[in-house]
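Participant: The primary structure of each chain is shown beneath.
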Amino acid sequence: MDIANYLYLSAALFTIGAVGVIVRRNAIVVFMCVELMLNAANLAFVTFSRLNGNLDGQVASFFTMVVAACEVVVGLAIIVTIFRSRRSASVDDASLLKR
Amino acid sequence: MKANNYLVYLIALPLFSAALLLLLGRIADKWGHLLATLVSASTFAIGAYEFFAMRSRSGVDRAITQHVIQWISVGTLKVDGALLLDQLSICFVLLITGVGTLIHIYSISYMEHDENRRRFFAYLNLFIAAMLLLVLADSYLSLYVGWEGVGLASYLLIGFWNQRPAYATAAKKAFVANRVGDVGLSLAIIIAFTQFGTVSFAGVKAGAPHASSAALTAIGAMLLLAAAGKSAQFPLQSWLGDAMAGPTPVSALIHAATMVTAGVYLITRSNFIFDASSTARLLVVIVGAITLLFGAIIGTAKDDIKKALAASTMSQIGYMILATGLGPIGYAFAILHLLTHGFFKAGMFLGAGSVMHGMDDEVNMRRYGGLAKFMPITAITFGFGYLAILGIPPFAGFYSKDKIIETAFNAGGNKGWILGGAALLGAAITAFYMTRVVVLTFIGAKRWDSMAHPHESPLLMWLPMAILAIGSVTSGFLLSSGSALVHWLQPIVNAGNVEGGKELMKPLTVSLLALGVVVIGAGAAIIKYRTVASEAPSNISIFTKAARKDLYQDSFNEAVLMRPGQGLTDTLVKTDHNLIDGAVRGVGWTLNTISSAARSIQNGYVRSYALIMVLGTLALVATVWLVTL
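Here the protein sequences come in this chain order: R and E. Residue numbers 1 to 99, in this note's numbering, belong to the letters of the first sequence in order. Residue numbers 1 to 629, in this note's numbering, belong to the letters of the second sequence in order.
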């Protein structure tokens with residue numbers, strides 16, 4: 001199979017994730033879209049690793065997974081805390097930084 | 001030259017006394033005036049001692065110096081704080097301390113009811129110290145210190161009653177007019193330093209023959225500007241009339257006898273500059289001739305007795321300046337006239353003060369009349385001064401003023417006729433206005449209202465007047481018998497080489513001519529002012545109107561100097577406000593507007609931040625793609 005198809009899939013996943021971050025209000029969904037973008041990047045890494053015949057890209061994708069795992073812990077903690085205090089998981093309600 | 005250790009006390013004593021009186025404050029109220037008078041008298045004693053010591057020496061040993069401190073030592077500029085007492089300075093030392101002491105005595109009584117009498121005497125002592133520093137300095141820079149010191153004392157004393165705004169303004173006016181002259185003096189010092197590398201009198205004198213004539217003319221012109229400022233000469237004369245706002249003893253001491261003659265001293269002291277530059281000499285005689293007529297004309301129209309005398313002072317100093325411009329022999333006659341003028345003008349000012357004292361501070365001569373009966377001593381002493389200024393023999397002015405007129409005629413050619421004619425005309429007008437003062441004040445019908453009780457002044461006031469009157473009678477004869485003063489000043493002004501030059505007129509002719517015009521002038525005044533109204537008439541000729549307004553000198557200054565100056569500052573203020581402030585405010589406004597616009601991006605919505613991030617990333621990728629394409 002043509003290796004470019006993996007890259008098309010990666011680009012499509014990344015775009016879906018980016019659009020999701022921008023258009024969705026629910027913080028959990030936004031979070032899921034961020035994960036989607038990270039995994040799209042991972043897919044691209046692995047594809048290039050295969051293309052170049054070395055393991056650099058696969059190592060990089062492991063790093064990404066580790067960082068994403070940490071991020072999930074911190075991010076979900078923040079979302080839960082906000083939900084507890086405001087009874088809402090909408091990102092538009094949490095616009096306090098402006099004021 | 002010998003060294004001597006007493007000179008510094010001449011300056012230190014009055015300076016110390018002034019500082020003491022000012023610092024002690026009210027504690028010194030009871031005895032401040034006595035201390036100041038005592039100090040002034042002791043400076044006179046030192047001066048007299050130095051004079052006799054100087055007379056007992058001969059030739060080059062007469063001039064003495066005292067090195068006080070090494071004042072400035074920067075690169076090639078070395079100025080020692082040294083004092084120089086020679087034949088010229090001793091004349092001034094005796095005049096300043098002598099007349100100064102008499103006026104201290106007079107002021108004890110004159111200022112008796114003033115609650116700030118102690119402060120007044122402190123300023124008087126400050127003036128004595130500064131004036132002595134001025135005449136004892138051995139370099140232009142030290143002279144400059146004294147020059148500024150007397151300006152300060154003059155300012156403080158003119159504005160002594162500064163609770164009246166008009167008097168405070170008069171003091172400021174005097175200070176500003178003097179400042180213009182001071183610029184001239186500092187420029188002269190700067191040019192002298194660049195030319196000669198030194199500012200001491202001896203150094204400049206030694207260098208003068210080798211300097212370029214342009215430099216000498218520039219120094220001479222700047223010194224003349226300085227002299228014009230301090231001595232109220234054309235075109236800086238306008239402050240002297242207003243300076244009469246000060247207490248009358250101040251007018252007598254500072255604005256008649258001593259400080260205003262500092263210009264004559266400066267030119268005489270710098271004779272080596274003026275001898276070497278005929279252009280500078282010409283400027284000096286022009287200024288002198290204009291001022292002597294200018295002052296005399298103003299004097300004819302003033303109803304304020306002190307302002308009439310001030311105009312007369314201006315005119316008489318014009319004579320002295322004229323004389324200093326007439327070459328070596330002129331310097332000696334200028335100093336001769338300066339000394340005799342010091343006596344008779346100070347005496348007349350004290351007389352005017354005595355009249356004001358008896359007439360409840362009334363200064364308008366049209367409200368006097370017939371006062372000779374009530375104030376006989378004042379009238380007699382004033383009369384002696386009057387005869388002296390007219391130049392009636394054997395009074396002092398006869399010896400000094402006729403010499404100046406004679407020297408002016410002998411200047412030769414058209415110049416001689418013009419200068420001599422101006423001096424002679426000035427003498428006639430002097431006779432006219434001085435007779436007017438005497439007739440209006442002491443003779444004729446009484447024009448004061450019934451509230452006034454004219455009375456003779458107390459002993460402490462008339463005694464100094466009497467001593468000055470004796471001086472008005474005798475000083476001219478004593479100083480000029482056997483050309484005493486001319487020979488005395490010979491080493492300074494180098495006058496000998498012109499004696500016996502060509503004479504346009506014999507001394508006797510000049511004296512008779514001068515006497516003739518004086519009689520005409522005096523007679524005209526007697527006829528015109530035998531009877532006057534107690535109010536100044538208003539239907540007057542335009543000449544009288546001009547003379548009453550000081551020949552429009554204030555209007556001239558206002559139109560030519562003040563208004564354009566104000567216009568300039570207005571323009572500068574507007575430029576500052578609109579252009580410079582505008583630019584600064586514009587920068588602030590621009591930044592503010594840009595940041596307001598930029599702030600609207602910060603709306604707090606995570607999604608819009610994310611969008612901006614995506615757009616930014618897209619832009620970045622697009623840029624990289626385009627560049628690498």
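Incorrect hints may appear among the rest.
Stated by the list, open to error - Here are a few chain E residues that face chain R, going by a calculated C-beta distance under 8 angstroms: (1) L24; (2) G25; (3) R26; (4) G604; (5) Y605; (6) V614; (7) L615.
Don't read these hints as lab results, they were simulated from the structure. Since the model is a prediction, treat every value here as computed from it, not as a measurement. Cβ coordinates follow ideal geometry from the N, Cα and C atoms, glycine included.
Participant: Next, verify each hint and record whether it holds.
Facilitator: Checked hints:
Checking E:L24 against chain R by beta carbon gives a least distance of about 68 angstroms; that is not within 8 angstroms, so the hint is violated. Because the beta carbon of E:G25 sits about 64 angstroms from the nearest beta carbon in chain R, more than 8 angstroms, this interface hint is broken. Look at E:R26: its Cβ only gets to about 66 angstroms from chain R, farther than 8 angstroms, so that hint breaks. At a threshold of 8 angstroms, the smallest CB-CB gap from E:G604 to chain R is about 3 angstroms, leaving the interface hint in force.
The interface hint given for E:Y605 holds, since its Cβ lies 5 angstroms from the closest Cβ of chain R, which is under the 8 angstroms cut-off. At about 6 angstroms, the closest approach between the beta carbon of E:V614 and any beta carbon in chain R falls short of 8 angstroms, and the interface hint on this residue holds. Because the smallest distance between the Cβ of E:L615 and any Cβ of chain R comes to about 10 angstroms, over 8 angstroms, the interface hint for this residue is violated.
The structure does not agree with the numbered hints 1, 2, 3 and 7 stated previously, though it agrees with the rest.
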